[in-house]
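Chain Z is fixed; fit chain R onto it per the hints.
Chains as they are written, first to last, in our numbering: chain Z, 14 to 292; chain R, -9 to 423.
You may find that some hints are simply not true.
As the list claims (entries may be wrong) - Below, in silico cross-link-like pairs of lysine-lysine (DSSO-like), each with a Cα-Cα straight-line distance of 27 Å or less:
no., chain 1, residue 1, chain 2, residue 2
1, R, 255, Z, 173
2, Z, 125, Z, 39
3, R, 176, Z, 101
Hint data in this document are derived by calculation from the structure and do not stem from the laboratory.
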Amino acid sequence: MVGLFPNIAFFLILVATGGFVVFLIKQQQKIFQWSYIILLIAFVFHTLALVHQYLLWGAAPAISLKSTLSFFAWCIIGAYLVFQYKFKLMVLGSFIAPLAAVLMIISSAIPKMDLAVRTVLKSTWLTVHIGTIFIGDAMFAIAFAAAIMYLIQERQIKRKTHGSFYKRLPSLETLDSINHYSLIYGFPFLTVGMITGAIYAQYILGSYWRWDPKEIWSLITWLSYAVLLHERLAVGWRGRRAAVISIACFVILIFTFIGGSMWLSDYHSFKALGGHAGL
Amino acid sequence: MMKIVNIGMNHESAPIELRECLARDKDNIDRALASMRESQWIHEGLFLSTCNRIEAIYTTESAVEAEKWAIGLFSRLSHLPEEQFTPNLYIHEDIEAIRHVFRVASSLDSMIVGEPQILGQIKEAYHKAVAKEKTSGVIINRLMHRAFHVAKRIRTETRIAEAAVSISYAAVELAKKIFYELNDKKVLLIGAGEMAELAARHLLNHGIESFVVANRSFEKAVQIAETFHGKAVFLEEIEALLLEVDIIISSTASTEYVIHYEQVKQCLRKRRNRPLFFIDIAVPRDVDPRVNELGNVYLYDIDDLKGIIEVNTTLRKQESIKAERIITEEVIRFKRWLETLDIVPTIISLKDKVEAIRKAEVKKSLSGLRGLTPSQEKAMESLTVSLAEKIIHDPILVLKERAGRSSKDAYLDIVKKLFKLDDVVDERISNGS
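Pulled out of the complex, with its shape left as it was, chain Z reads as follows:
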């Protein structure tokens, strides 16, 4: 029964995503409400599935690409639910849900394999490291989505060509503050994630910092977000410039995630983690 939970979650996420896309076009509140409820149910199943996985492995459910993508999708949906609760911005779902759905589709396309979980991975430090990093990443994904929405809306207002998105997207100030808050909330998580990662490394590898490519790229990502946040808070950057930079930061983040996990890294790669040809 529990084995079906990931499939149920996956299916419901796809349905909810479809609903959000239809909502974007039709703009009917009912469609949104249904999609939202379905996404909520999907999130519950997804959570149960991840908890089950965690209990099964005794390690964070992010040690293979398949499980990591699924976990990332879960974090993004969770972050979205929090933001939806706070901002009541229905259209955000139409941008976030497809992102989560894409991650889930890739994840489910990867064949499931039995992993022999090494004992070094069964560590609370690692769980905290992975958990906080991905919560931070999910926040940045929200910032990214808000930045994309901002640029679309800003372009329509500046160019005075009010297309179909003009009505559907919220005000620039709203989008800018979503971007702002998701950066503010996401950054501490990323920071904590990096610190716990260093502690974990010291714990099992004997050094805090090993100049691993993923570590370097993570630091670059962290510094980029630090600069963006500083400019926002201290100098008063806003709007288009902040949106563009936060998109650039997210591109670096994705590169770090994919590149670091697949090709560049030494011990951060899934190959090293699971020993199954990177999967």
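This is chain R only, laid out in the frame that chain Z set:
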């Protein structure tokens, strides 16, 4: 021959400096009406003065003299020599004058087609003409009432009026797409114009509470500020205010930019890049168009606003054709009514003559027929009345039918001759027909 004449200037024919000269004194309307009353050339008259137009509407039999008088009046009101403004005057006569009045009342001749204030202003002008100086008469009364009717028809039967409302509505919608909430935002009104006030009123209705008004005439600024519960400032204070306000609605008559690129650029950092939204309703423009290139600054001028509501241009074209059709329809109706004015004296004298004959004959018969009961007398009375009415019913109908046709004069002539009305009629329609 009685003529309806309309002489004046509007936003298209004259620059604002000139219009201002004429609209400077508040009691100009009263003076104009008093002067109309005294003039021997003017039968009936009306004087309209708004910030976009100054017009005299009158009926006269001597068009040339009346025109000279009107130009003289404009000169006295504006304290300007005649040659300084005569090129800016338009003069419409008869059908064209009627059409023009209808178009003005329906706001088709307004700077912003469909803006709702003009009708109220015309009603006020008419009210003054009726109540104060009593310069209006049969024709002007009818003309104005028809004009109100036309305006109402166009408002309900076409969607042309939506444009003006939707321009200020679009401005508010834009503000809502730029700002999260409007309640805490501050609006600066530069210059006073109908559209600017309309847009400001819309913003007021959508929660904005803080208004600042800057105007060349400080008195006017105070006056407008009062209506929005805001404060009035000098034009020189605008630059400092750019740091405080969020939405700027500009509608001055200045030929140069009131807000410059550098001014806006410099204030942005101090504002910590909080968005600035400029609504430039002025023609020529008040705000340097380049400010739209600055980050977090959004500029919409009147054409941009028109552009975003003109999603369906074919619909708008259809609506304006419809509006013109309604105008033409009503002009024709009014013209027909005017023409029946010519035949009315003949009809009246015809009725008078028949009634006189009837009365005389009844009197004669009654004196011969003594001892009739009151009911018999009454029966006789009603018999003769209906007899007389039936006899002249058809001739009157024929006359009315002929009212708008070229053969009208011939028919009038025949009726006069057949019924021998000449002496009576000539005196009654001394205006000629």
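Broken hints, numbered, in rising order?
-> 2
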